[in-house]
Amino acid sequence: MNSCFLNGLRSASWIAGLLLMAGTEILLAQPSAATDKHVAFIEYPDFPEAHSTWGSIGYNAASNTVHIGVTNHRNNVALYTFDPAKNTMKQNGFIREMANLRAFQWQGKIHSKIVASPEGSIYFTTDGGESREEYLMEHPQGYAGGFFMKWDAKTGDLKNLGLGMQYESLKDIDIDPKTGTLYGITYPQAHFLVYDPAKNNLRDMGRLASSHVPRVLFTDWWGNCYYVDWRQRLVKYEKDSDSLVFARESLPAFEGTPGSKIITGVTAYAKDEAKGIIYLVTYGAKVIAFHPQKEGIGKVEDLGGVIDTGEGAAWGPYVPNLNIGNNGKLYYVIGGHGNYVLKDKTVLVELDPATKKKTILREYPITTMTEATGSDIKDKDGNMYFAGRRVISVKDDSSAPFLIKFNPEKDIRK
Amino acid sequence: MKSLTKKILLPVLSLACSGPLLAQYTFFTPKDAFAIEISLPNSAEKRLPMYRNAITSLYVDGDRVLGGTTAKEGLSPYLFIASISKRTLATTKDLQEAVPGQKSIATGFCKGTGNQLYAGTLAHLKNNQQTGHLLQIRIGNGDAIEVKDLGTPVPGEGIFTLLSNSQGTELYGISYPGGRFFTYNIASGKVQLFDEISPKAEELKNLHDFASEPGGYLCKALVQDSQGLVYGSAPGNRMFAFDPAKKRFEFLKTPLPSVWGREVLGQVEAWAKAPDGKLYGGNAGDGQLFVLDPATKKIKNLGKPVMMNRLRALAFGRDGKLYGLAGGAPGYSHLFYYDEKGAGFVDLGNPEFKMVEPGIEQGILWRGFQLSTLTASADGKYMVMGEDEALSQLMIFPVAE
Numbered sequence: 000m001n002s003c004f005l006n007g008l009r010s011a012s013w014i015a016g017l018l019l020m021a022g023t024e025i026l027l028a029q030p031s032a033a034t035d036k037h038v039a040f041i042e043y044p045d046f047p048e049a050h051s052t053w054g055s056i057g058y059n060a061a062s063n064t065v066h067i068g069v070t071n072h073r074n075n076v077a078l079y080t081f082d083p084a085k086n087t088m089k090q091n092g093f094i095r096e097m098a099n100l101r102a103f104q105w106q107g108k109i110h111s112k113i114v115a116s117p118e119g120s121i122y123f124t125t126d127g128g129e130s131r132e133e134y135l136m137e138h139p140q141g142y143a144g145g146f147f148m149k150w151d152a153k154t155g156d157l158k159n160l161g162l163g164m165q166y167e168s169l170k171d172i173d174i175d176p177k178t179g180t181l182y183g184i185t186y187p188q189a190h191f192l193v194y195d196p197a198k199n200n201l202r203d204m205g206r207l208a209s210s211h212v213p214r215v216l217f218t219d220w221w222g223n224c225y226y227v228d229w230r231q232r233l234v235k236y237e238k239d240s241d242s243l244v245f246a247r248e249s250l251p252a253f254e255g256t257p258g259s260k261i262i263t264g265v266t267a268y269a270k271d272e273a274k275g276i277i278y279l280v281t282y283g284a285k286v287i288a289f290h291p292q293k294e295g296i297g298k299v300e301d302l303g304g305v306i307d308t309g310e311g312a313a314w315g316p317y318v319p320n321l322n323i324g325n326n327g328k329l330y331y332v333i334g335g336h337g338n339y340v341l342k343d344k345t346v347l348v349e350l351d352p353a354t355k356k357k358t359i360l361r362e363y364p365i366t367t368m369t370e371a372t373g374s375d376i377k378d379k380d381g382n383m384y385f386a387g388r389r390v391i392s393v394k395d396d397s398s399a400p401f402l403i404k405f406n407p408e409k410d411i412r413k
Numbered sequence: 000m001k002s003l004t005k006k007i008l009l010p011v012l013s014l015a016c017s018g019p020l021l022a023q024y025t026f027f028t029p030k031d032a033f034a035i036e037i038s039l040p041n042s043a044e045k046r047l048p049m050y051r052n053a054i055t056s057l058y059v060d061g062d063r064v065l066g067g068t069t070a071k072e073g074l075s076p077y078l079f080i081a082s083i084s085k086r087t088l089a090t091t092k093d094l095q096e097a098v099p100g101q102k103s104i105a106t107g108f109c110k111g112t113g114n115q116l117y118a119g120t121l122a123h124l125k126n127n128q129q130t131g132h133l134l135q136i137r138i139g140n141g142d143a144i145e146v147k148d149l150g151t152p153v154p155g156e157g158i159f160t161l162l163s164n165s166q167g168t169e170l171y172g173i174s175y176p177g178g179r180f181f182t183y184n185i186a187s188g189k190v191q192l193f194d195e196i197s198p199k200a201e202e203l204k205n206l207h208d209f210a211s212e213p214g215g216y217l218c219k220a221l222v223q224d225s226q227g228l229v230y231g232s233a234p235g236n237r238m239f240a241f242d243p244a245k246k247r248f249e250f251l252k253t254p255l256p257s258v259w260g261r262e263v264l265g266q267v268e269a270w271a272k273a274p275d276g277k278l279y280g281g282n283a284g285d286g287q288l289f290v291l292d293p294a295t296k297k298i299k300n301l302g303k304p305v306m307m308n309r310l311r312a313l314a315f316g317r318d319g320k321l322y323g324l325a326g327g328a329p330g331y332s333h334l335f336y337y338d339e340k341g342a343g344f345v346d347l348g349n350p351e352f353k354m355v356e357p358g359i360e361q362g363i364l365w366r367g368f369q370l371s372t373l374t375a376s377a378d379g380k381y382m383v384m385g386e387d388e389a390l391s392q393l394m395i396f397p398v399a400e
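Heads up: the protein sequence lines correspond to chains A and B, in order. Okay, so the first sequence: first residue is 0 according to numbering that gives the first Met the number 0, each after it adds one. Okay, so the second sequence: first residue is 0 according to numbering that gives the first Met the number 0, each after it adds one.
Bear in mind the hints are in silico, worked out from the structure with no lab data behind them. Any given hint could turn out to be false.
With a straight-line cut-off of 16 Å between C-alpha atoms, the simulated EDC-like cross-links for lysine to aspartate or glutamate are [as the list claims (entries may be wrong)]:
{"id": "1", "chain 1": "A", "residue 1": "K328", "chain 2": "A", "residue 2": "E272"}
{"id": "2", "chain 1": "B", "residue 1": "K303", "chain 2": "B", "residue 2": "D275"}
{"id": "3", "chain 1": "B", "residue 1": "K71", "chain 2": "A", "residue 2": "D203"}
{"id": "4", "chain 1": "B", "residue 1": "K30", "chain 2": "B", "residue 2": "E400"}
{"id": "5", "chain 1": "B", "residue 1": "K303", "chain 2": "A", "residue 2": "E272"}
{"id": "6", "chain 1": "A", "residue 1": "K357", "chain 2": "A", "residue 2": "D307"}
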């Protein structure tokens, strides 16, 4: 993976980046043609070589802010804060400098979501994100491993909480808000980690996946954490019993779903705590209503596919994102990694869990929005967020990241 | 100025570079290779439970693969049988039922007379003792696993290493953690203990200085040459030969191959006997493959298949190549072969085989990261590998003729 950008469009973006360098906090630029009163695309300032975001987004309820990790997809990662009240996007610095990382501790990106503690600190993990991560290891150009990190939103201090596993990336993180216990999943060996930062106690619960690492961890409101095994069965770290509990049955899948989709598991989630439901999307394009229980695995409800186009395999669409509106409806963007349900277009879909009706709300050329990631990011006014990316050139794999702000019921320009 | 450098100079320098890096996402996936799901919690299928399934001993008897496992602290290991032709787990046996308090079956299986196999165990620490047991194992009707407890050859110690002689009448072993060599006469049950290769006080201090534990310095594998001499390693990078007839030890003049300053890491952890009688060994310390010529008792360093330490298993295939497992945590195991007459070392990397089981009939791919054991069928047609994971599986591939 290389992140050098040489075509005209990217150069224009780069020049724009230089023009923006004077400030570290900007008011939003004029909306692009793809935006409207319900959707805004928000650029990241002060990072001309910004390439992408990879699910590296989260909401901080204590400060009503959205946090995003933006990478050049090589060795530099910036931490951003979007403040909905001020309508500002601010770059807080680069993690390699804030965390005093040495050159041999290079990090390719933040691949994890960003989670917040009740008092307002945010946590994330880092990822190699490069082929050399997986194979060079002890070689001088190898990858030291991914770190757990904590950022104090009040002081701006970034604290390095240490490695997960030597040579391994950390693909995702979640937090038990009651105890502060962090959960992590490593790449490529898919070891499930339980980390108590207060005691610096890191425990490796072992490998849970086959030849692919499902990217998503999620927690319930009791602080239990969930993952999937290679059969796409839910695996729950049950905090009270301090043990892993495996579901008896696999999550629903369409008949004929390839094994490569099964082993990839859940791609996104959104929580409706009032109803006691966590909605899940699988790599096999199923939407699922999961009813967690404090003890054991709860009921699983099949809500059908992510879209009904009548064309192509039902398990085919790719949905690495999910949000839930204040209206109780689910919103997600279909498409990415060369997989689109409409030719060369991503689509923003609304799903009403009550009726299972799916509606395409927007269509975007992939030159405008190639892919969106992020789970369950909603501010106090009900605005939802996705981490967007548009490919600039497939040839050199250049792309540009941006934040998507969306509210189906309010004019977000007001 | 610093800000200017960051914001302008670095992006410009970044723009000046281009050219894709080569990704290397290829795996060893030979035709007709497959994985068998051995471990899976909360399943309707017969499977081993979590944390009790690290496959640390393997033996192939025709179509059947006999496995022995290692468990996490406080848990007991299993014995199991899998079928190569049916590609399924056939039988499991919780060792707790036969011999309580054990942690690990990691000696491999040694062949006795008839259908008898032997293995040793490591025990959980109890009353400051780790009393391992010698097991006699027989595969009965319907793939039933019959286990007989032959007791503890070295009082208060476990069995770290075990070998049977070519006649299947005597066993040779090394105890844990004391590192005492013992012989066990199968017919009489008589045990003889020897202290020649046990680490002495000065050696123990040196090992302590290097934070080396018994599992890292005791000889992990023994082998017998065609003349009946038994070879293994002793702390300090030394190699010994034991003559069972004379009950006498000899330390070889050539040590284990080593990296300068790291002799303390020397530990033989695998052997394979070639058809010509030469003995190929693996040194855990720095992962060197070496060959010992019994005629001269000299060791030749053949080099390292990968940068990492460890060389955990060796077995000859029917193609005449020597297959092995190099490296391991904190990196990954690499499957490799050594072709003396051809390419020399060939690193096959991580194997990735298809697993088809009830509920995943379409098949999924299983990648082997932490492979702890490898053994060949008697005809060299199959290579069988076992994982050392929280949920370990078997990976099997046919060797080309």
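So, going through the hints one by one against the coordinates:
no., hint, in the structure
1, A:K328 - A:E272, "14 Å, holds"
2, B:K303 - B:D275, "22 Å, violated"
3, B:K71 - A:D203, "12 Å, holds"
4, B:K30 - B:E400, "13 Å, holds"
5, B:K303 - A:E272, "56 Å, violated"
6, A:K357 - A:D307, "8 Å, holds"
Hints 2 and 5 from the earlier list are contradicted by this structure; the remaining hints agree with it.
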